[in-house]
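Asks: For the record, the sequence lines run as chains A, B and C.
Throughout the first sequence, residue numbering follows my numbering, covering 1 to 514 in sequence.
Throughout the second sequence, residue numbering follows my numbering, covering 1 to 174 in sequence.
Throughout the third sequence, residue numbering follows my numbering, covering 1 to 118 in sequence.
Check the hints yourself; a few may be wrong.
As a list, the in silico DSS-like pairs of lysine-lysine whose alpha-carbon atoms are at most 25 Å apart [as the list claims (entries may be wrong)]:
hint: 1; chain 1: B; residue 1: Lys169; chain 2: A; residue 2: Lys187
hint: 2; chain 1: C; residue 1: Lys38; chain 2: B; residue 2: Lys170
hint: 3; chain 1: B; residue 1: Lys169; chain 2: A; residue 2: Lys383
hint: 4; chain 1: C; residue 1: Lys59; chain 2: B; residue 2: Lys169
hint: 5; chain 1: B; residue 1: Lys169; chain 2: A; residue 2: Lys34
hint: 6; chain 1: B; residue 1: Lys169; chain 2: A; residue 2: Lys128
hint: 7; chain 1: A; residue 1: Lys128; chain 2: C; residue 2: Lys38
hint: 8; chain 1: B; residue 1: Lys170; chain 2: A; residue 2: Lys176
hint: 9; chain 1: A; residue 1: Lys176; chain 2: C; residue 2: Lys38
hint: 10; chain 1: A; residue 1: Lys125; chain 2: B; residue 2: Lys170
hint: 11; chain 1: A; residue 1: Lys187; chain 2: B; residue 2: Lys170
In short, the hints are calculated from the structure, not lab data.
Computed from a prediction, not measured in an experiment: that's the story for all the values here.
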Amino acid sequence: MNGFDFASIMAISPEIALLLTAIAVITADICIGKAGRKCCTAGAACKPEETASSTEISSIVMPFICMTGIAISWYFMYNLWNLHAVNGAKYFSNAIVVDKFGLIAGFVVTVAAFLTALSSTGYAKRMKIDFGEYYGLIMLASAGMMFLIKGNNLIMLFLGIELTSLSVYALTAISKHREESTEAAMKYFILGAFSSAILLFGMAFMYGATGSIEFGQMNAVPTNRFLYFIGIGMMLLGLAFKIGAVPFHMWAPDAYQAAPSAISSFMAVGVKTASFAALLRLLFTSLIHTSHMWYQVPWMLAVLTVLLGNLTAISQTNIKRMLAYSSIAHTGYILIGVTACMGVGYSTGLTAPMSSILFYLAVYALMNIGAFAITMHLGREDKDFDEISGYAGLAHKKPLLALAMAIFMFSLAGIPPMGGFMAKFYIFRSAIQNGYIWLAIIGIIGSIISVYYYLRIVVLMYMKPAQTEEQFESDQSQWGLHFTLFATAAGLLILGLLPGDFVQYAIVAVKELL
Amino acid sequence: MTDTIFMVFAVMSIASAIAVVTWRNPVHCVLALIASFAGVAGLFYLLSAPFIAVMQIIIYAGAIIVLFLFVIMLLNLKKNEMGGDAPVQDRLFTVFLCVITVIILSIPVVATFTGTFYDQYKKTFPKPDANLGITETIGQEIFSAHALAFELISILIIAALIGAIYLAKKRQRG
Amino acid sequence: MSSNLLFLIIYTLLAIATAGGMLFASYLLGPRRNRELKDTPYECGMPILGTARERFSVKFYLTALAFLLFDIETVFLIPWAVVYKSLGVTGLVEAVIFILILAFGLYYIWERGALEWD
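Please build the complete structure, drawing on both the sequences and the hints.
Replies: Below is the structure:
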């Protein structure tokens, strides 16, 4: 299956759908803008309301094009899921692999993209970023994440990471009239380019040591341990940067704070899910046979990330920055799961931790998007509502919003009956089962620390009076955000109360990967 | 013969790389960088990778250097705007980091090509085909085994283009 | 390999000799009248205001950027051109997809006015 035959095209059909959507949305923006200008120049005098109406139209149409495209890609993914013959099959000379693991991770990524587009319906216009580029780059980034998840050799891994990263750098700076956005994007870009270079360098060493770039083929015992060792080290460093693990997390707080909230949540959820999927695929299909060389790395990263992320989050006064540190901490919990995968007798004990990682990523997507959506909902003009002290008294003015926020905060903190509790429960349980009791204890300590800063917001909302009368008045129709909030909150409750089905899917998916 | 040419290219790339970081005038630094890239291109040629050598010249010494020059002329910093020299301890620390990096990266390379490892290495990886780096082989490989990666590169360029043009271009609505 | 290298070296030396020879010849043959007025850009007319080292417009940068990206496209098409015949229709289809995707990039920068100068 080398060329562009029908089965190969079907194997990447979800990605093709996303890429065509990106092209369609940018073309739509250009064409509608041009039509508006044509009306303008044809008439005797330029009527401002005509051009205004054309931007109005494009800012309404574009998110719908995106959502349609994502729905089409879901249809293709559903087809692939049902096509039993292709499970675990490799296409394009083994460049990509289609399996249920990748399909689930890809579904999480596209759900994140869908919710981002949905919540951007009114939001992008208010933030003055309702350009075709905004939606186009979101679609390109999701396509990159999908390729990253499906990639089965080092070249696809690198191209997926680069497509994702380049789009996300530009999205960080998307409100280019704001200086801090540009500055954060610049920092993110320079650090990210360095980490990509290191990753690529590591891949070169890896190829030199094993003579192959294909995931399944690199598992032969290397002839040259020095090259192999340095190669693994550099690749893990590059990937640790992408998932935002301490000590490679410096970009995250600045980027998440300065980017518009819709992009922050998309960045946190999408990049993390895709990078973790690629990391798991790389580690446990190719490098597991040499795990004695790198088994120290995941637990060290996990301990540092859980503790530092949670401790730094306490002192934040800006909620987006706090959520950035919380996302670092959540990376740490997932890394505990990765460490658990390396526990005793990995061929039997791998299913539980890996399926719990998939479950965790899905739950994290919902609660993170929900929490960022609140800051979008309450924001005014071109700002997000990001001061933590501003949330005082929210429950008295907007009880439903406060309830949603409380659900997200409880879930992030891992308090039952929310999805976040079950996700943490599965991760810690698998860590204990595979002999990492002490690591689970560190994770639980981290969660206890996190309860403080998450519940502080709940306390502010319910027990403090509002500072001013009209501070919670939002000035746009926000049905897209309402739907996002409802969907994420309901999803968290469902995943918290009835996690069984999804976990079953995750277990099926993981069994196929191994 | 080849050794002499190797020495010429190696000295050329390293000496001009040192010039890039030590010279004062940024435009001179960029010119030195071109020399460095040309030296590296020569090294690629000696490694029987002529396609990479040409790529190095066209993309790095050609297009990327133009971007460097434009950035320098775009900013056009005066002497007093450059913010003066870094403190001595900072510069020493930088030198220290560079030396450490060189040592760390040299270890595997030196270890690979000396002693018992080299014997093992030669056994597992026979001397590569002389045709491996020529453009025909690369063309065959790209369009058969790496066709998807090839198409993805165009998507990658599109993403870079959209991001860069969006950020650099002033946009008037409507 | 070594004969190729020899040609390359001869070529390089010839290039250097040509460029250097021209410079040297003009140094040798050209008239030299060193006066202060000779070094000014305009011998008669306006006295100079400021230096020529002004800040460049960002428009140059946009052009260079588009050039870089399409330069990379060209470099990737070189191997295709070299083995075009043996690849046959498959190669043609792959290259056409590649070019079509990048043609969208050209359409985009065109419509966004990155190719205009005003």
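Asks: The structure should be examined with respect to each hint, and the outcome stated for every one.
Replies: Structure-based check of all given hints:
Only pairs whose Cα atoms come within 25 Å are accepted, and Lys169 of chain B paired with Lys187 of chain A is accepted, the gap being roughly 20 Å. With a C-alpha separation of about 42 Å, the suggested pair Lys38 of chain C and Lys170 of chain B falls outside the 25 Å cut-off, and the hint is violated. As the CA atoms of Lys169 of chain B and Lys383 of chain A are separated by approximately 23 Å, the hinted pair is consistent with the 25 Å bound. Between Lys59 of chain C and Lys169 of chain B, the direct Cα distance comes to roughly 8 Å. Compliance with the 25 Å bound is thereby established for this hinted pair.
A threshold of 25 Å between alpha carbons decides the hint, and for Lys169 of chain B with Lys34 of chain A the separation of about 17 Å falls inside it, so the pair holds. Note on Lys169 of chain B and Lys128 of chain A: the hinted pairing holds, with a Cα-Cα distance of about 16 Å set against a maximum of 25 Å. For the suggested pair Lys128 of chain A and Lys38 of chain C, the alpha carbons sit about 55 Å apart, so the restraint of at most 25 Å is broken. Distance hint between Lys170 of chain B and Lys176 of chain A is fulfilled; the C-alpha atoms sit about 10 Å from each other, no more than 25 Å.
With a CA separation close to 48 Å, the supplied pair Lys176 of chain A and Lys38 of chain C exceeds the 25 Å bound. At most 25 Å may separate the alpha-carbon atoms for a hinted pair to count; Lys125 of chain A and Lys170 of chain B meet this at roughly 18 Å. With a CA separation close to 22 Å, the supplied pair Lys187 of chain A and Lys170 of chain B stays within the 25 Å bound.
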